[in-house]
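Kindly generate the complete structure, drawing on both the sequences and the hints.
Residue strings, one per chain:
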Amino acid sequence: MMTLFAFQLLTPAEQLDLLYEAGTYIGKRRVEGRVRILYQLEGFYIEVHYKKYRCIAEKLVCFRSTIPLEPYLEAIDVEHLV
Amino acid sequence: MTHSITPKNIVLYADDDPDDLQLVQEAFAQFARDVEVVTASDGGQALSYLEALSDLDPLPCLIILDVNMPVVDGKQVLRRLRTMERFAEVPVVLFTTSSQPADQGFAEKHGAGFITKPLQFKQMELITDQFIAHCAEEIRKKIRRQMQ
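Chains as they are written, first to last, in my numbering: chain L, 1 to 82; chain F, 1 to 148.
Don't take each hint at face value.
[Stated by the list, open to error] Heads up, simulated SDA-like pairs for lysine to any residue below, C-alpha to C-alpha not over 20 Å straight-line:
{"hint": "1", "chain 1": "F", "residue 1": "LYS122", "chain 2": "L", "residue 2": "GLU74"}
{"hint": "2", "chain 1": "L", "residue 1": "LYS28", "chain 2": "F", "residue 2": "ILE115"}
{"hint": "3", "chain 1": "L", "residue 1": "LYS51", "chain 2": "F", "residue 2": "PHE121"}
{"hint": "4", "chain 1": "L", "residue 1": "LYS28", "chain 2": "F", "residue 2": "ASP73"}
{"hint": "5", "chain 1": "L", "residue 1": "LYS52", "chain 2": "L", "residue 2": "ASP17"}
{"hint": "6", "chain 1": "F", "residue 1": "LYS122", "chain 2": "L", "residue 2": "ILE56"}
{"hint": "7", "chain 1": "L", "residue 1": "LYS28", "chain 2": "F", "residue 2": "PRO70"}
{"hint": "8", "chain 1": "F", "residue 1": "LYS122", "chain 2": "L", "residue 2": "GLU58"}
{"hint": "9", "chain 1": "L", "residue 1": "LYS28", "chain 2": "F", "residue 2": "THR116"}
{"hint": "10", "chain 1": "F", "residue 1": "LYS122", "chain 2": "L", "residue 2": "CYS55"}
{"hint": "11", "chain 1": "L", "residue 1": "LYS28", "chain 2": "F", "residue 2": "LYS8"}
{"hint": "12", "chain 1": "F", "residue 1": "LYS122", "chain 2": "L", "residue 2": "ARG36"}
{"hint": "13", "chain 1": "F", "residue 1": "LYS122", "chain 2": "L", "residue 2": "LEU4"}
{"hint": "14", "chain 1": "L", "residue 1": "LYS59", "chain 2": "F", "residue 2": "ASP19"}
{"hint": "15", "chain 1": "L", "residue 1": "LYS52", "chain 2": "F", "residue 2": "ILE127"}
{"hint": "16", "chain 1": "F", "residue 1": "LYS8", "chain 2": "F", "residue 2": "ALA27"}
[To be verified] Far from chain F by the CB rule (all over 10 Å, computed), these chain L residues:
{"hint": "17", "residue": "PHE5"}
{"hint": "18", "residue": "LEU19"}
{"hint": "19", "residue": "TYR20"}
{"hint": "20", "residue": "VAL48"}
{"hint": "21", "residue": "ILE67"}
{"hint": "22", "residue": "PRO68"}
{"hint": "23", "residue": "LEU73"}
Just so you know, the hints here were simulated from the structure itself, not pulled from any lab data.
Values in this document were obtained by computation on a predicted structure and should not be read as measured data.
Using N, Cα and C, we set each Cβ at its ideal position, and we do this for glycine too.
Structure representation (structure tokens):
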């Protein structure tokens, strides 16, 4: 099982490869014109900050807290479920 | 929906995410001499485009479908295409954020490819090759000849 600590020891390229293979896509948002994509892996989350969408990642932010998920949850359209 | 007047090999790509539409259009730009990417922003629009093709119009050499789309989703489009005699054999790829075995199984069951959307450039390069590999053989050869 991959832990958050073990994930953080990987290089960014290895982290992105692992996310591609095993990550679960949660959502996407735009901050100051740049795209961020949120993935879940095991019991933690990784937000990929893109310089160029799905091509050049400038930063990966890993966390366990659910607080950073709020902007993604707000963007989910639940109207059709009501 | 976007397409030019010049007749080329058509790749039809349906996705509601404008960033993904642009990403795939850029990936195919290197084959612009042979391939034109026609885009649709949902599954309904993709089906309307296909249903409007006359018997004289060439069929797309590849149809790329996002899974989660409004109006008609990618899986519904694929199911519909496989019941339409004219499109039953057209190569289709589900291009999705999912890497779930169930979605892969669905694609396999309906004779389609399954490609997870990339997270970095080197994956996008591999995916472009996979798209080409799914194209009809004649087109594939033509594109690879151009690349040599």
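Beyond 10 Å from chain F, beta-carbon-wise, is TYR20 of chain L? Check fails; 5 Å does not lie beyond 10 Å.
Quickly compare the C-alpha distance for LYS28 of chain L and ILE115 of chain F to 20 Å and report which way the hint goes. holds (19 Å)
For the pair we were handed, LYS122 of chain F and CYS55 of chain L, check the Cα-Cα distance against 20 Å. Answer holds: LYS122 of chain F to CYS55 of chain L is near 8 Å, not above 20 Å.
Pair hint outcome, LYS52 of chain L versus ASP17 of chain L [Cα-Cα no greater than 20 Å]: Distance ~17 Å between LYS52 of chain L and ASP17 of chain L Cα, so the pair holds.
Does LYS122 of chain F pair with ILE56 of chain L here, judged by a C-alpha cut-off of 20 Å? holds (10 Å)
Test the statement that LEU73 of chain L is away from the interface with chain F: the closest C-beta pair must be farther apart than 10 Å. Non-interface label stands for LEU73 of chain L: nearest chain F Cβ at 17 Å, farther than 10 Å.
For LYS122 of chain F and ARG36 of chain L, compute the direct alpha-carbon distance and say whether it is at most 20 Å. holds (19 Å)
Beyond 10 Å from each Cβ of chain F, as asserted for PHE5 of chain L: At roughly 21 Å from the nearest Cβ of chain F, PHE5 of chain L sits farther out than 10 Å, so the non-interface label holds.
If you draw a straight line from the CA of LYS52 of chain L to the CA of ILE127 of chain F, is it 20 Å or shorter? holds (17 Å)
Given as non-interface: ILE67 of chain L, which should sit over 10 Å from chain F by C-beta: Given that every Cβ of chain F is farther than 10 Å from that of ILE67 of chain L, nearest at about 23 Å, it holds.
Check whether the Cα positions of LYS122 of chain F and LEU4 of chain L lie no farther apart than 20 Å. violated (24 Å)
Can you confirm whether the C-alpha distance between LYS28 of chain L and LYS8 of chain F stays at or below 20 Å? violated (34 Å)
Checked against the numbered hints given earlier, this structure breaks hints 1, 11, 13, 18, 19, 20; the rest are met.
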